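*Asks:* Listed below are the residues making up each chain.
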Amino acid sequence: MVGKSLFIEELSVDFMISTGKVRAVDGVSVVFESGKITGLIGESGCGKSVLGMAILDLLPAYATLNGKIDWGEQSLNEYSIRKRKLLGREIGLIPQSPSESLNPSRKVKAHLNEALRPLGLKRQERYKKAEKLLRDFGFNEPKRILKAYPHELSGGMQQRVLCAIGTACSPEWIIADEPTKGLDSELCKQVQQTLQSLRIQGIKSMLVITHDLQLAEDLCDTIAVMYGGQIVEMGDVLHHPLHPYTKAFLDALPKNGLHPISQINKGVEQYSKGCCFAARCLKSRPRCFQEKPPYKGDKMHWVRCFDAG
Amino acid sequence: MKHYLLQKLFSLFLVLFGISLAAFVLGILTPGNPAELALSKGGYSPTPEQIKEIEIEMGLDVPYPVQYVKWLNRVLHGDLGTSYASSRPVRQELIERIPITLKLGSCAMVVTCINGILIGCIAAAFRGKGIDKIVQLGINISLSLPAFWFALLLILFFSESLGWLPTSGNGGIRFLIMPTTVLALPASATAARLMRSSLLAEFGKPYYLAAIARGTNRFEQIIKNALPNAIVPVIALMGNTLGGLLGGSVIVETIFALPGIGSYAIEAIYGRDYPALQGYVLVTGCVYVLVSLLVDGISLLLDPKVRVGRRRL
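Chains as they are written, first to last, in my numbering: chain A, 1 to 309; chain B, 1001 to 1313.
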């Protein structure tokens, strides 16, 4: 069976705040293909988490969403995805900041119990299934973990519990939001192994939102680069970068010489008429400030830049 | 934890000492000579010799600190003095009146808890919708209704016009309905408002989003996930409210002629019955402190970090 891909068309997300509108996602059109692990990388504040939350319909009330999100044949934004009961069942979330994403006043058992409810199992079977899930994610004594409160678990354990919760109903899609944020390198490796093992659990497709390039390189089949609320390039970007931002981004890595990107990020709105990276780009021409660059390249690797391709 | 308890007990001791001091000073600062007041009941004017005699009898001729220690010693042995007005032991009078206030206070407390939590949850669940706006309006109206006026309005409507409920007095549950309503209305409004805002604050937290993302329904999201965390400040508020209710409401007990300790206090003030007032201040102060200690303990125990600590896993 061919899985369902996520089709996103001209998606914009605005936040209404006291000083006006802030555009966090700016006209993103992209296809996240089924059966692949897609990485979504970019600097802090580029809108990658907001994009993930927009897909899951978990944006706060003061956000306004424009554009289309289709999941296979189904439109997700015509009706609320929450009402369609896809969450947890078809699309799962592995949230960021493990320590804050578990309810501090409830036991692990209660969390898993909720996550497993859609399967319609009996109480005892549910308990068995919960134990099995925890065992799959590397817990040797699932019984004790089930009885524990979140504060009794280490960061890595919390992360694995959240993975177990997110995958409890074997959803087709998993969106992992910054799974390695705030973890040390040892835990990062653990998380990466956990995410890789998700494939064995029957999860076909994944969207991994991260700024951990190592994780993206090791885990993902294809990587989308986000800057200023737009996806500027998608494909094998780590080995064949085409967009000036991707190149600059990679040059800024310690192993490539720690070259800073010129100037600072001035936010999204100022250059929304043209290319979002134009103001910082070393090769920018007047045209870059006037028009939006077209999509160049093919399905496997595309880029939005006048210069590239 | 141990350190925290010790600290708490120490501050409790300090507060109780402060209350006793305040109650004692209240007796000293009051205008008029207690000995003269005790003698001059019924229009009788005592001679200076008689006053002197009584002063010695009442122990008023020694310095204040000595009086305080003697007084405190008596209080600790359960002797709160004798009421000027009735010449009966204050202890006895308080013991007769406390059950009435206790009954009224606990009724009002139960109603407040149920209403406050329920209405707060409903308003939060329908944030920004019609129900929420109606609740907000109701809260504002409830908070701005003066108790004495609302009480009179209830009497006028339910007792005078409809004749459903007794106007005043002490008796069965029928006598408690209106006083409970008057006491519970503003308390419920405050509780509901805090419950609502406390829940709304939880709705934005990562664990709540994670709960939505695992496909929970609205009931599970609000009642099972958000409520246990959101209720902590509400419980602290309820503790304060309970402390206040157990002190007796002067207005409500007076209007509905309930012989509780609130009306006892007001009678004591009218009659310049300082031993009675001292007794009232002492008892309600201690009750307030103990209730807030209890509530502190409950809030602590609601936090699993405190309750179970970090077990070895």
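It should be emphasised that the hints constitute simulated quantities derived from the structure, not laboratory data. Honestly, I wouldn't trust all of these hints.
[Unchecked claim] Restraint ranges, calculated between C-beta atoms of paired labels, are given here:
id : chain 1 : residue 1 : chain 2 : residue 2 : range
1  : A       : K292      : B       : N1240     : 53 to 61 Å
2  : B       : R1127     : A       : K128      : 20 to 28 Å
3  : B       : S1197     : A       : H259      : 47 to 55 Å
4  : A       : Q124      : B       : L1294     : 58 to 66 Å
5  : B       : R1307     : A       : S99       : 39 to 47 Å
6  : B       : S1197     : A       : G72       : 54 to 62 Å
Fair warning: this is a prediction, and the values are worked out from it, not measured in the lab. Note that CB positions come from ideal geometry on N, CA and C, so glycine has one too.
*Asks:* Could you run down the list of hints and mark each one as holding or not?
*Replies:* How the hints compare with the structure:
no.: 1; hint: A:K292 with B:N1240: 53 to 61 Å; result: holds (59 Å)
no.: 2; hint: B:R1127 with A:K128: 20 to 28 Å; result: violated (39 Å)
no.: 3; hint: B:S1197 with A:H259: 47 to 55 Å; result: holds (48 Å)
no.: 4; hint: A:Q124 with B:L1294: 58 to 66 Å; result: violated (39 Å)
no.: 5; hint: B:R1307 with A:S99: 39 to 47 Å; result: violated (19 Å)
no.: 6; hint: B:S1197 with A:G72: 54 to 62 Å; result: violated (40 Å)
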